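Peer 1: So you can see what is in the structure, the chains are spelled out below.
There are 2 protein chains.
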Amino acid sequence: MSLATLRVSEFIDELSSSSPAPGGGSVAALSACLGTALTAMVCRLTIGKKKYTDVEQEMKDTEGKAIDLQKKQLELMDRDTDAFNAVMGAFGMPKETEDQKKLRHEAIQNATRQATLVPLEVIERWRAAISLADTVARKGNANARSDAGVSALLISAAAEAAFYNILINLGSLTDAPFVSSTRTDAERLMADVKKQASSIREHVLESIQG
Amino acid sequence: MSLATLRVSEFIDELSSSSPAPGGGSVAALSACLGTALTAMVCRLTIGKKKYTDVEQEMKDTEGKAIDLQKKQLELMDRDTDAFNAVMGAFGMPKETEDQKKLRHEAIQNATRQATLVPLEVIERWRAAISLADTVARKGNANARSDAGVSALLISAAAEAAFYNILINLGSLTDAPFVSSTRTDAERLMADVKKQASSIREHVLESIQG
Numbered sequence: 001m002s003l004a005t006l007r008v009s010e011f012i013d014e015l016s017s018s019s020p021a022p023g024g025g026s027v028a029a030l031s032a033c034l035g036t037a038l039t040a041m042v043c044r045l046t047i048g049k050k051k052y053t054d055v056e057q058e059m060k061d062t063e064g065k066a067i068d069l070q071k072k073q074l075e076l077m078d079r080d081t082d083a084f085n086a087v088m089g090a091f092g093m094p095k096e097t098e099d100q101k102k103l104r105h106e107a108i109q110n111a112t113r114q115a116t117l118v119p120l121e122v123i124e125r126w127r128a129a130i131s132l133a134d135t136v137a138r139k140g141n142a143n144a145r146s147d148a149g150v151s152a153l154l155i156s157a158a159a160e161a162a163f164y165n166i167l168i169n170l171g172s173l174t175d176a177p178f179v180s181s182t183r184t185d186a187e188r189l190m191a192d193v194k195k196q197a198s199s200i201r202e203h204v205l206e207s208i209q210g
Numbered sequence: 001m002s003l004a005t006l007r008v009s010e011f012i013d014e015l016s017s018s019s020p021a022p023g024g025g026s027v028a029a030l031s032a033c034l035g036t037a038l039t040a041m042v043c044r045l046t047i048g049k050k051k052y053t054d055v056e057q058e059m060k061d062t063e064g065k066a067i068d069l070q071k072k073q074l075e076l077m078d079r080d081t082d083a084f085n086a087v088m089g090a091f092g093m094p095k096e097t098e099d100q101k102k103l104r105h106e107a108i109q110n111a112t113r114q115a116t117l118v119p120l121e122v123i124e125r126w127r128a129a130i131s132l133a134d135t136v137a138r139k140g141n142a143n144a145r146s147d148a149g150v151s152a153l154l155i156s157a158a159a160e161a162a163f164y165n166i167l168i169n170l171g172s173l174t175d176a177p178f179v180s181s182t183r184t185d186a187e188r189l190m191a192d193v194k195k196q197a198s199s200i201r202e203h204v205l206e207s208i209q210g
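Going line by line, the protein sequences match chains U and P.
Going left to right, the first sequence walks through residues 1 to 210 as our numbering numbers them.
Going left to right, the second sequence walks through residues 1 to 210 as our numbering numbers them.
So that you can see chain U by itself, here it is in the shape it has in the complex (with noise of 0.2 angstroms):
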């Protein structure tokens, strides 16, 4: 079942249900591709209006790429929750014997790893949906500034998200060369994406307070 065929008030419904899963992951995800749903909405407002037409190609380009990375990561979302019960599998398994705790014990790094690299695309993808937002604030339909600052902040929140998991997930890891080279790149994605929301931020509120 994929969590995008739910209805919203379902999805949310679920959400609190006292199963992990879906949990923070899936739902910054959810929030970062309404995020980018909302970049595209500004192209789309911006498209055919006369006082816009020197950035009218632009804005179709946008348009055409936040929509693919929003229906790329809706496939994310799903891809996270099956990450997480992979591990919460893993975690299950039988630990009688010396054999069992060793099939249990590799079961669970590998799927931690997996749970790792995820959230790790998923800020990857994030990054370049926030340059998106980037170019909707700045050179949008400028009656929509604030939609391509929600989109920022929810873009922005959602990479912190799955941040946190990939710290996380780290913590149980025991391949130490995999654990520091993950977190480098994760800390590096993660402040070019919060650098990016922002100066987009600053830009937005002095453009809507004239």
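These are calculated hints, taken from the structure and not from any lab test.
The reader is advised that the hints may include incorrect statements.
[As the list claims (entries may be wrong)] Dumping the calculated EDC-like pairs for lysine to aspartate or glutamate here, alpha-carbon to alpha-carbon at most 16 angstroms:
hint, chain 1, residue 1, chain 2, residue 2
1, P, K71, U, E14
2, P, K65, U, D13
3, P, K72, U, D13
4, P, K71, U, E10
5, U, K65, U, E124
6, U, K71, U, E121
7, U, K71, P, D13
8, U, K71, P, E10
9, U, K139, U, E202
[What the hints assert, rightly or not] Label pairs and their calculated CB-CB ranges:
hint, chain 1, residue 1, chain 2, residue 2, range
10, P, D78, U, R138, 29 to 37 angstroms
11, U, E121, P, A176, 44 to 52 angstroms
12, U, D175, P, L117, 50 to 58 angstroms
13, P, H105, U, L205, 24 to 32 angstroms
14, P, S181, U, D82, 24 to 32 angstroms
15, U, D175, P, M88, 27 to 35 angstroms
Since we're looking at a predicted model, the values are computed, not measured.
A virtual CB, placed ideally from N, CA and C, is assigned to each residue, including glycine.
Assemble chain P onto chain U, guided by the hints.
Peer 2: Just chain P now, with coordinates in the frame of chain U:
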């Protein structure tokens, strides 16, 4: 039609359409509803656990309050869309004669005032919601700490989105005392939310990095 009855994928399509509503305000509200549902989830992951009997009652209370706030905010999401549509409707009124112009001006002012008060109510509720996220981030099941963090991120983003909408609407209102007092209220609430969100974020980051 309530936005909450749409499927997640339909909501996203509706959003990215060239119609300006639903827009940033509604999306941010939905995201924070999801965030508040996460707070409720952390409560449910804490209640009944031996390690957390000390906070059992507090978690039950927090869960009830979170579910309540989340439901109220879903309603506000629709009210925000309605308020925005009312402003658009007022702008569409005839403006041929002096009488029509006067009526139209008054209708725009009234609708915009309403479209300012809805997001102010939204921030106030999100301030309450972020206090609940704070409770679960500090006292809830430690395995769900990052979920509490994501909850706070989304709620804070939603409050900021409502803040943008307030600023924009205040820009087109002529009633100076209303503008001034609403702005002061909004800034105070927003500062509260940001302070709490950054304290939760620090706590969560410290906590998940061991």
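Peer 1: Each hint needs a verdict: does it hold in this structure or not?
Peer 2: We went through each hint and held it up to the structure:
1. Using a Cα cut-off of 16 angstroms, the hinted pair K71 of chain P and E14 of chain U holds, with the two alpha carbons roughly 14 angstroms apart.
2. At roughly 15 angstroms between alpha-carbon atoms, K65 of chain P and D13 of chain U fall within 16 angstroms of each other, so this suggested pair holds.
3. Pair hint K72 of chain P plus D13 of chain U holds up; C-alpha atoms about 14 angstroms apart against a cutoff of 16 angstroms.
4. Taking the CA atoms of K71 of chain P and E10 of chain U, the gap is about 12 angstroms. The hint holds against a cut of 16 angstroms.
5. Distance restraint check for K65 of chain U and E124 of chain U: the Cα-Cα separation of roughly 14 angstroms lies within the 16 angstroms cut-off, and the hinted pair is therefore satisfied.
6. Using a Cα cut-off of 16 angstroms, the hinted pair K71 of chain U and E121 of chain U holds, with the two alpha carbons roughly 14 angstroms apart.
7. Proximity of K71 of chain U to D13 of chain P is assessed by CA-CA distance (about 11 angstroms); at most 16 angstroms being required, the pair is judged to hold.
8. Taking the CA atoms of K71 of chain U and E10 of chain P, the gap is about 12 angstroms. The hint holds against a cut of 16 angstroms.
9. Proposed proximity of K139 of chain U and E202 of chain U is supported: the alpha carbons are some 15 angstroms apart, at most 16 angstroms.
10. Restraint check, D78 of chain P to R138 of chain U: a C-beta distance of roughly 31 angstroms satisfies the suggested window 29 to 37 angstroms.
11. The hinted window of 44 to 52 angstroms between E121 of chain U and A176 of chain P holds, with their beta carbons roughly 51 angstroms apart.
12. Our hint of 50 to 58 angstroms for D175 of chain U and L117 of chain P holds, since their Cβ atoms are close to 54 angstroms apart.
13. Under the hint 24 to 32 angstroms, the C-beta atoms of H105 of chain P and L205 of chain U, about 28 angstroms apart, fit the expected range.
14. For S181 of chain P paired with D82 of chain U, a C-beta distance near 50 angstroms fails the hint of 24 to 32 angstroms.
15. Distance hint check for D175 of chain U and M88 of chain P: the Cβ-Cβ separation is about 56 angstroms, which falls outside the suggested range of 27 to 35 angstroms.
Going through the hint list in order, the structure does not satisfy hints 14, 15.
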